Amino acid sequence: MAIHNREAFLDNLAEQLGRSRKMKVEPPLYSVHPQERVFQGATQEELVEKLEEQCKIIHTSFMRTDLERLGDRLRSVLLNYDVTKVVGAGGSRNEATGLTNFYQEMQSEGYDVHIWDEAKGRENVSFAERAGAGIVFSDITLAESGTVTLFNDRYNGRSISLLPETFIAIIPKSTLVPRMTQASQLIHEEEKKGNLVPSCVSFVTGPSNSADIEMNLIVGVHGPVKATYIIVDDL
Amino acid sequence: MSIKIGHKLYAERIQDGLNNAFMRKAVSSAQGRFRSGRLKAAEELGDWEDWRTLGEEIRSHTMENLDYYLHQLSEQVEKRGGTVFFAETAKEANEYIQEIAKKRQAKKVVKSKSMVTEEIGLNEALEKSGCEVVESDLGEWILQLDEDPPSHIVTPALHKNKEQIRETFRKKKGYTGSDDPVELAAFAREQLRQDFLEADIGVTGCNFAVAESGAITLVTNEGNARMVTSLPDTQISVMGMERIVPTWEDLEVVVSLLTRAAVGQKLTSYITALTGTRLEDEVDGPEDFHLVIVDNGRSKILGTEFQSALHCIRCAACINACPVYRHVGGHSYGSIYPGPIGAVLTPLLDGYDDHKDLPYASTLCAACTEACPVKIPLHEHLIRHREIIVEREKMTTKAEKMMMMGFAKWASTPAAYKLSTKMARTTLKPWTKEEYIEKGPGPMKGWTEQRDFPAPSKERFRDWYQKREQRSDQ
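As given, the protein sequences belong to chains A and B, one line each in that order.
Position 42 of the first sequence, counted from 1, bears residue number 42 in my numbering, the numbering being contiguous throughout.
Take any residue in the second sequence, note its place counting from 1, add 1000, and you have its number in my numbering.
Only chain A is shown next, with the shape it has when bound in the complex (with noise of 0.2 Å):
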């Protein structure tokens, strides 16, 4: 830890604009915010089909479910997917979910599910890169884009949602906003009252891709090839 070189390169950059150092600059005014204006007032509701409707252009597939069918909708879609070895997100929104009592139930069946520990360490990690899909909770979703937003920490490893082919995201519908400008918003918010940012937010929208062999859009590169959203109605 430390910072090598400030001084003498943060004088000369104030040199070539032709002042002394600034110690204190005040927040701008801007003299517009169209962000602020896209999806203004929309309804909950509202904000779940235009999610739905991205969905279909992010190659994401789309399902709703309330909490009592959380888990069958989940048996069904690994189920689909072919997959038997599952890594998913720790934390107290398992129990609250009742996913704990799924997972035990999948274990029992002889699915291979792994809950991110960190006591474990490393090992998390590799069961990761064998797993075959990935289950975590979106903090904040963004209606506009489609974007799952994951504060990444000891519960919700950077690896769950990026090494196994198939990436399931449970959206509680609580967690759904217009864009980008409200996730945001309240990290800057939460930045000002003193609560550090997690060292990793991941905006996710849909599975990985690219368009560098001669244009040609490919679905699934080094992240995920296929995704999953689950709208939870009473979350």
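Keep in mind that a hint or two might mislead.
Stated by the list, open to error - Once the Cα atoms are required to be at most 16 Å apart in a straight line, the calculated EDC-like pairs of lysine to aspartate or glutamate come out as:
no. : chain 1 : residue 1 : chain 2 : residue 2
1   : B       : K1079     : B       : D1353
2   : A       : K120      : B       : D1281
3   : B       : K1102     : B       : E1064
4   : B       : K1171     : B       : D1146
5   : B       : K1108     : B       : E1132
6   : B       : K1433     : B       : D1452
7   : A       : K24       : B       : E1064
8   : B       : K1418     : B       : E1459
9   : B       : K1102     : B       : D1353
10  : B       : K1300     : A       : E15
11  : B       : K1103     : B       : E1044
12  : B       : K1004     : B       : D1353
13  : B       : K1107     : B       : E1044
14  : B       : K1300     : A       : D11
15  : A       : K120      : B       : E1282
16  : B       : K1079     : A       : E191
17  : B       : K1025     : A       : E214
18  : A       : K22       : A       : E7
19  : B       : K1458     : B       : E1435
20  : B       : K1418     : B       : D1463
21  : A       : K24       : B       : E1434
22  : A       : K173      : A       : E46
23  : B       : K1429     : B       : D1463
24  : A       : K22       : B       : E1075
25  : B       : K1091     : B       : E1127
26  : B       : K1004     : B       : D1357
27  : A       : K50       : B       : E1075
28  : B       : K1429     : B       : E1400
29  : A       : K192      : A       : E26
30  : A       : K173      : A       : D234
31  : B       : K1162     : A       : E214
32  : A       : K22       : B       : E1064
33  : B       : K1422     : B       : D1463
34  : B       : K1004     : B       : E1124
35  : B       : K1458     : B       : E1400
36  : B       : K1108     : B       : E1092
37  : B       : K1458     : B       : D1473
38  : A       : K120      : B       : E1280
Hints listed in this document are in silico derivations from the structure and should not be mistaken for laboratory results.
Please read these numbers as outputs of a predicted model, since none were measured by experiment.
Since the structure of chain A is already known, use the hints to place chain B on it.
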């Protein structure tokens, strides 16, 4: 690599480009798709001009206060366990990174796509210190295997077709599959996965750093940048010093502009904001994080009439709109930054000596300026470059100087002007076929090599005008 690529002269590079039929077809179809994607995304979003205004205001405010925001950024990164190195030159940046590689006894380095590391020639530097360097962006990986420079800043291997790519994979990696892009990509996935898992160091660029929290944001689609920042224990991010925004709220605006202007996406598959090292109770992510902030000639642009060139968010919308790029392709520019922004930026970063032709690689149609999501007046910068090349740098050729002097004398001598306009048709008669000159003599050659020149009309404009005036008098 450095900012300059190859040693061929501008005229030769242009000829290479014009003669490369596949590349020209690929570029024009790509331009069409990029352009319609951008326009559709802008229309869907609505208020595009307001968005551009806001983008310009954010970028302009940031540049005006760059010292303040870089200071804030470095404080925040340090607080989150990272080390910050300010590098005035490419050499300083490379030496610092070599030093880290040595300390970590690194054998393998995986990289995600980064233009600034191309600019400073980091790969060569790391290879010199004995590291194996693997580019993991699909396009960059193809180019690395083929030892070819990028021709576009968003899709670097745009000039290659799938048959060539299959051939490269076959020769360098023993690939036996077809030229189906999906199969080619699956092969890359499988090959590179092992590299990600084995690498000691991950190197990334930086689309935007966020000063208020110390986050480094990467805007990607393939997932390779997430691999590079999740799996190796050491992460080094290299950023051009201007690639920063004050707050998360500003970040959101420039990212919205970038993804739409670049590829017409509302957001790319991955927008990843990384802050410092992994926390103590976290398992993946780096335990050692270094941010290298590079000047390499940028500060000379600050405070000058070209300052807005530093507002660039590297979306390539200007490249995708440019009719000259369409015909000559990216390699003709002889710079890792091609197209209109490349023609503006390259002479500023690397001097006029090697790049004095670039400001002329433009029709000044202003399609670039119109496409730019942060309203950089690109074509005006190009005109200003030309003025400087002629007036201050005195770089015009002798022949051109003499021609211009001759022209001035001729055009300001009425008798000479009158005589030659009268004689033009007769003089050019031997080269004229059906009112067109297909192969002109002397100075006309340059024109007629590309397109036919209409023969001077039978009647001079002045004569015609006079007659017309007489007719209307009657």
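Do the hints match the structure? See the list:
{"no.": "1", "hint": "B/K1079 / B/D1353", "result": "violated, 43 Å"}
{"no.": "2", "hint": "A/K120 / B/D1281", "result": "holds, 11 Å"}
{"no.": "3", "hint": "B/K1102 / B/E1064", "result": "violated, 37 Å"}
{"no.": "4", "hint": "B/K1171 / B/D1146", "result": "holds, 10 Å"}
{"no.": "5", "hint": "B/K1108 / B/E1132", "result": "holds, 5 Å"}
{"no.": "6", "hint": "B/K1433 / B/D1452", "result": "holds, 10 Å"}
{"no.": "7", "hint": "A/K24 / B/E1064", "result": "holds, 13 Å"}
{"no.": "8", "hint": "B/K1418 / B/E1459", "result": "holds, 13 Å"}
{"no.": "9", "hint": "B/K1102 / B/D1353", "result": "violated, 36 Å"}
{"no.": "10", "hint": "B/K1300 / A/E15", "result": "holds, 10 Å"}
{"no.": "11", "hint": "B/K1103 / B/E1044", "result": "violated, 50 Å"}
{"no.": "12", "hint": "B/K1004 / B/D1353", "result": "holds, 11 Å"}
{"no.": "13", "hint": "B/K1107 / B/E1044", "result": "violated, 47 Å"}
{"no.": "14", "hint": "B/K1300 / A/D11", "result": "holds, 13 Å"}
{"no.": "15", "hint": "A/K120 / B/E1282", "result": "holds, 11 Å"}
{"no.": "16", "hint": "B/K1079 / A/E191", "result": "holds, 13 Å"}
{"no.": "17", "hint": "B/K1025 / A/E214", "result": "holds, 10 Å"}
{"no.": "18", "hint": "A/K22 / A/E7", "result": "holds, 12 Å"}
{"no.": "19", "hint": "B/K1458 / B/E1435", "result": "holds, 10 Å"}
{"no.": "20", "hint": "B/K1418 / B/D1463", "result": "holds, 11 Å"}
{"no.": "21", "hint": "A/K24 / B/E1434", "result": "violated, 72 Å"}
{"no.": "22", "hint": "A/K173 / A/E46", "result": "holds, 11 Å"}
{"no.": "23", "hint": "B/K1429 / B/D1463", "result": "violated, 20 Å"}
{"no.": "24", "hint": "A/K22 / B/E1075", "result": "holds, 15 Å"}
{"no.": "25", "hint": "B/K1091 / B/E1127", "result": "holds, 15 Å"}
{"no.": "26", "hint": "B/K1004 / B/D1357", "result": "holds, 13 Å"}
{"no.": "27", "hint": "A/K50 / B/E1075", "result": "violated, 40 Å"}
{"no.": "28", "hint": "B/K1429 / B/E1400", "result": "violated, 26 Å"}
{"no.": "29", "hint": "A/K192 / A/E26", "result": "holds, 15 Å"}
{"no.": "30", "hint": "A/K173 / A/D234", "result": "holds, 7 Å"}
{"no.": "31", "hint": "B/K1162 / A/E214", "result": "holds, 7 Å"}
{"no.": "32", "hint": "A/K22 / B/E1064", "result": "holds, 10 Å"}
{"no.": "33", "hint": "B/K1422 / B/D1463", "result": "holds, 10 Å"}
{"no.": "34", "hint": "B/K1004 / B/E1124", "result": "holds, 14 Å"}
{"no.": "35", "hint": "B/K1458 / B/E1400", "result": "violated, 29 Å"}
{"no.": "36", "hint": "B/K1108 / B/E1092", "result": "violated, 21 Å"}
{"no.": "37", "hint": "B/K1458 / B/D1473", "result": "violated, 24 Å"}
{"no.": "38", "hint": "A/K120 / B/E1280", "result": "holds, 13 Å"}
Consistency note: the structure conflicts with the earlier hints numbered 1, 3, 9, 11, 13, 21, 23, 27, 28, 35, 36, 37.
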